[in-house]
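Chemist: The chain contents come next:
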Amino acid sequence: MERISSDHTPEPRPPKRRKPVRREPDYYQPQDLYREDMDRFSGRRRSAPQRGGQKKRRSVGVWFKESWKSMVEVLFNRRLAFDKPLVIIVLLLLFVGLMMMYSASYAYAFHENHDSIFYIRKQLVFAFVGLLCMFGVSTISPDQYKGNVTLILMGICYFLLALVLALPRIEHVHRWINLGFTTFQPSEIAKFAAILWCATYISDHYKEINVTSYPDLETKARVNRSKVRKWFYSMGQSFMTGVLPFLIWLGPMLVLIVIEPHLSCTVLMVLIIGTMMFVGGTNKGFFTILIALAVLAGYLVIYTDIVPYGSKRIKVWQDPFYDKLGDGWQNIQSLYAISSGGLFGVGIGNSKQKYLYIAEPQNDFVFAVICEEVGLIGAMLVVAMFVFFVWRGFSVSLANPNRFCKLVGIGITAQIGFQMLLNICVVTNMVPNTGISLPFFSYGGTSLMMLLLEIGVLLAISRTSPNKII
Amino acid sequence: MAKPSDKNRKFSWIPGFFKSYKGPDRMSKNTAILMGVVVLVVLSIFGRLLYLMVLNKDEYQQAAVSQQLKVVNRPANRGTIYDANGEKLVQSAAAWVIYLYPKQIQEDQRDMLCRELADVLHLDYDAVAARSNLNSNSVKLTTKADKEQKDLLQAFIYRTCYVRDVQITDENGKKKTVEEVYLEDHPELELKKVENYQYIKGISLTVDSKRYYYHGSLASTVIGFANFDNVGSGGVEGYYNSELKGVDGKIIKAKNSKGGEMPFDYDTVIEPIDGNSLELTIDASIQAVLEKYLRQAYVDNNVENRAVGIIMNVKTGGILAMATMNDYDPANYLAIKDAAAQQKIDEIEDPKEKQNAINAAQQLQWRNKAISDAYEPGSVFKPITMSAALEEGLTSMSDTFTCPGYKLVGGRIIHCHKVSGHGTETLTQGMMNSCNPVLMTLGERLGAANFYKYFTAYGLTTSTGIDLPGEAPGGSYHKEEDLTKPQELATSSFGQTFTVTPIQMITAFAAAVNGGYLRQPYVVEKIIDPDGNIVKSHEPVVKRQVISETTSHNIDMMLEATAGVGGTAHNVYISGYRIGAKTGTSEKIATLATTGERKYVASMGAVVPVDDPEIAILILLDEPNNPRSHGGGTIVAPVVRNVLSEVLPHLGIDTIYSENDARLMDTMVPNVVGQSTEEATAALEAKGLNVRVIGEGSTVTGQIPSGSRSAPKSSTVVVTTESDGEVPMTTVPDLVGLSPTQVAWTVKNKNLNIRYSGTGYESSSGVSKSQDIPVGSRVEQGTVVTVEFSVTGITD
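In order, the protein sequences belong to chains A and B. Be aware that the first sequence starts at 1, since it is given in my numbering, and climbs by one per residue. Be aware that the second sequence starts at 1, since it is given in my numbering, and climbs by one per residue.
Worth flagging that the hints you see were computed from the coordinates, not collected in a lab. Each hint should be verified, as a subset may be incorrect.
Unchecked claim - Lysine-lysine pairs mimicking DSBU-like chemistry, simulated, CA-CA at most 35 Å apart:
| # | chain 1 | residue 1 | chain 2 | residue 2 |
| --- | --- | --- | --- | --- |
| 1 | B | Lys150 | A | Lys122 |
| 2 | B | Lys29 | A | Lys230 |
| 3 | B | Lys29 | A | Lys84 |
| 4 | B | Lys354 | B | Lys315 |
| 5 | A | Lys315 | B | Lys70 |
| 6 | B | Lys337 | B | Lys57 |
| 7 | B | Lys192 | B | Lys147 |
| 8 | B | Lys29 | B | Lys250 |
| 9 | B | Lys103 | A | Lys315 |
| 10 | B | Lys250 | A | Lys122 |
| 11 | B | Lys57 | A | Lys315 |
| 12 | B | Lys70 | B | Lys103 |
| 13 | A | Lys122 | B | Lys337 |
| 14 | B | Lys201 | B | Lys103 |
| 15 | A | Lys284 | B | Lys250 |
| 16 | B | Lys29 | A | Lys207 |
| 17 | B | Lys485 | B | Lys543 |
| 18 | A | Lys122 | B | Lys526 |
| 19 | A | Lys146 | B | Lys29 |
| 20 | B | Lys70 | A | Lys122 |
| 21 | B | Lys599 | B | Lys485 |
To be verified - Here chain B is said to cover these stretches of chain A; the calculated rule only asks that three of the stretch's residues, wherever they fall, bring their Cβ under 8 Å from a Cβ of chain B:
| # | stretch |
| --- | --- |
| 22 | 256-263 |
| 23 | 442-456 |
Backbone N, C-alpha and C define an ideal beta-carbon position, used for all residues, glycine too.
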């Protein structure tokens, strides 16, 4: 049986004035609970005035002490605890990721900068700050992002994407903004913004999308036409509600990213947005058509020479030795590293392929070094950790009664999952080479920060959910 | 009890106690589908990883290993080459290969580096600069820098520097760390001091092995050379390359993609095994003597087509010396040593032609003429024919022949070199006169079959098998069926109309004189491994006995007579040694037929001592251009004589003087000053010296030749007494161009003493060639004048 629940859970009834008795509700409205806790966290008191009647001026020390106590209370409030398996798997992934990144990077770092810990030092700083931010963000109720926050973020995102095109190129592409101490990619924000926008839109129009996509449920009686015409009609309806708004709002964003150019990010965003639409209930016919088109396009690119650049990339993918020292180098060296690992690997720190064979082993091809150092068993464990994370992410998202929160959680989890899948597929030469990083493992300060922030949101979703899962 | 509504319910697998559960909503279902997709992709990734890492890992793993390994070659030293007395002729020692990496050279250092390289390595600056600008990763500049040059360059490249890391932003806006290097310390910059820092970038020095030739060009055609890649070429270097080269060692290291080393204990070291050493039969001293006089003859006679000299130990077949003029310098084997040839090449304008000319000149100077080129032996061959006739019993030592100056063969007159004829002569005289009709008669008696049998038995139809590369299989000769033509047989019998290589000739000559044993010539006595153990020692090979020892002895005696008074080879005579020799002058008939020019090969074969032969020597000058003569007896015999006069004492061959020789030998003049006249006279006469006393005194106050000097026996010592202090003076007359009798008479008239040198002074055939004190000098009476004689007017 399928059930369509409305987006908004009803507001709790305001307490009657006549009976000012505080009663524990059956289940907490996360916002309320949260608001309460947030008030305490920030040191504000909306509740009853203090004893003594007079408002006391508190010293900074006392404020800090109380704030600290409140934060600890929020973080470890059993009622509001975040999902422990999720936190554990995230911390584990981060720890293993940093360790492997260090192992993969030190030779390259020494060659480039005469400093073996050049990358890991920066990454550790970002990881530390990122963890603080993660726990900080996890104390913000995620439903607050809906609406205005999302719109403002979209605005910022469009502005930065336009700005980055105006800025000088870094490494031949308009991809990074140089902040002096570090660089960051607006497309990282774009992914999050797109997730938020999708979640906002879908949660606001969930019923319409689903009703138009599955007309049999409620429009059966009204639309009394032939099956073909009915299909076209419903597809049209579904397109208006389930596809067109996404195209209008997010299409230009994708175009901006494509002309950066940043193909891998585009692919990832298409996947994320597609996932959101799919989960949100857009007619599956569109996905069927999309997959059919993708297969057709893939066929054209692979077996014809319509797209010369792509075709080169495809050729290298099909046979990396086609351009052994040029475009194929990365793939070949990655395969060499993976095969060198064997079942149990050569031991952490003992990779030989990281000695400048794999170009920038700390980045996209870190998984190849992992394979070499910890072998098939270790690599499968790493992938399994990601799978566990994805499953847990989906679970905690679905457990949250707020549809916006569900969608944001699914989007974030899907993003990390897809990124992992794409990266590993590239490294094992299962798909053509696109520059896509492995979350938690690849070097990149701002992207790690962004990742941890998003996980902070996921944690917030898990802790504001009354439906605790095992 | 079912409720009415239950009828409308579809069948569900969900058990009853979950009835309150309404099932997953659509979003959960979609998410589950999504999760399923993720799991599917993950499973396919697992499959792929399993394939790459376990099932099919060898393919890429091995490729990875091979790219990660760096093999550093550790060259083995080539073996040393010793002469017969254990003296080092050639040795390998460390040398350095210098590579340039043009792309790594820093622009501000390029000029400095090129200048230093040109300076230290003695190269052209422009050439070095051009190579340093090549668009390639590495350029091999030289392979043969010695230790001194390497030390200079090392000091230039590696210096004590002060270094710090600085961050720069490259053109892509990417931050990079680079090293800043200073030669002086700047305290304010907080520099780190680094010893032996590679200050000059883009150059590397790698150790290799280089060949050192201690005696320059000595025996270069026998020894050969090691080329650019340290591979032996020519001579024993080429023939014994596999023995000499050794086995190169290796160091296998892990390397990164830029060629640097990885910090792994991954090194595998395979030590090089040095090559085996060779001990030659060549004696450096003898070789040096041979080359000295051969070069002299080569220059004096303006030889057009190179000259050859071989000295062989007839008891073993070992080659004591083998020289070819003009030769080359093995250390610099590409350079044309012959100045005239080089000049000719320089005059050529066309670069292609010039290169061809250079190649031809190089090939020529590397060619060992002694074994590679055939010539017409001429009269030196005559002992061979004679030995065959003697062995077959077709003639005897008492046999007599008549030479009218020609012989009619097959209706054609073939002249003797002495057109007037030698008249009636014995076999020995036939040899002494080198009489062609005698040899033609013997050839006729032998017949084609016998002649060919001995020709083959002496090994003149096959290569000798000497252990040197490039030996010719032999020259062109008449087959047995051709020899049935009387003219071919007649001319062949005195060494014309066929060719042999010098090594074949001396091998056959040695067989004829050493008791008839044809031995295989060889140059390598022993092969010694790096630890000093003898790997292989040469066993002298006797191929066959061609003639009996008696016949051989007869040949020796006839050759001795030929080198004696009245023989054509008398110019070779050295008093005290029993030398047998045969001269030869062959006309190049092929050249005469094609160009009409008369070209000759002058040669001589000799054997010492004839009673128990030790060594044989063959010297030939191919196309001499001496206006005086082209005859072997005139221009080659003195060369042989000079060589033997130094070689025979070196070999320790005993001197036995004949009576006549003993009379002319030097003796020590005793010091008689201060003695009484009677005592002095007695002392001098006891030594076989004559005395002429000047003055009436009773005590000797002076003597000429003075005491403790040597003077020929039968000299007259002029002794002065106290009454007449000074020895009277006299003028040295012109003694050149006179017969021995005239010289003796003139000298006696002038109250001088004479020391005979050269050959031919015992008979009337000798003519004085030079005197050691210039004409017109005022000298004291009794002074010894050395006059050199030689035999002229020899034809053979």
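Chemist: With reference to the structure, classify each hint as holding or not holding.
Modeler: A quick look at each hint next to the structure:
no.	hint	result
1	Lys150/B / Lys122/A	violated (45 Å)
2	Lys29/B / Lys230/A	holds (25 Å)
3	Lys29/B / Lys84/A	holds (24 Å)
4	Lys354/B / Lys315/B	violated (47 Å)
5	Lys315/A / Lys70/B	holds (31 Å)
6	Lys337/B / Lys57/B	violated (60 Å)
7	Lys192/B / Lys147/B	holds (31 Å)
8	Lys29/B / Lys250/B	violated (65 Å)
9	Lys103/B / Lys315/A	holds (31 Å)
10	Lys250/B / Lys122/A	violated (42 Å)
11	Lys57/B / Lys315/A	holds (23 Å)
12	Lys70/B / Lys103/B	holds (21 Å)
13	Lys122/A / Lys337/B	violated (69 Å)
14	Lys201/B / Lys103/B	holds (10 Å)
15	Lys284/A / Lys250/B	violated (66 Å)
16	Lys29/B / Lys207/A	holds (16 Å)
17	Lys485/B / Lys543/B	holds (30 Å)
18	Lys122/A / Lys526/B	violated (70 Å)
19	Lys146/A / Lys29/B	holds (24 Å)
20	Lys70/B / Lys122/A	holds (33 Å)
21	Lys599/B / Lys485/B	holds (26 Å)
22	256-263	violated (count 0)
23	442-456	violated (count 0)
When the structure is compared with the earlier hints, violations turn up for hints 1, 4, 6, 8, 10, 13, 15, 18, 22 and 23 and for no others.
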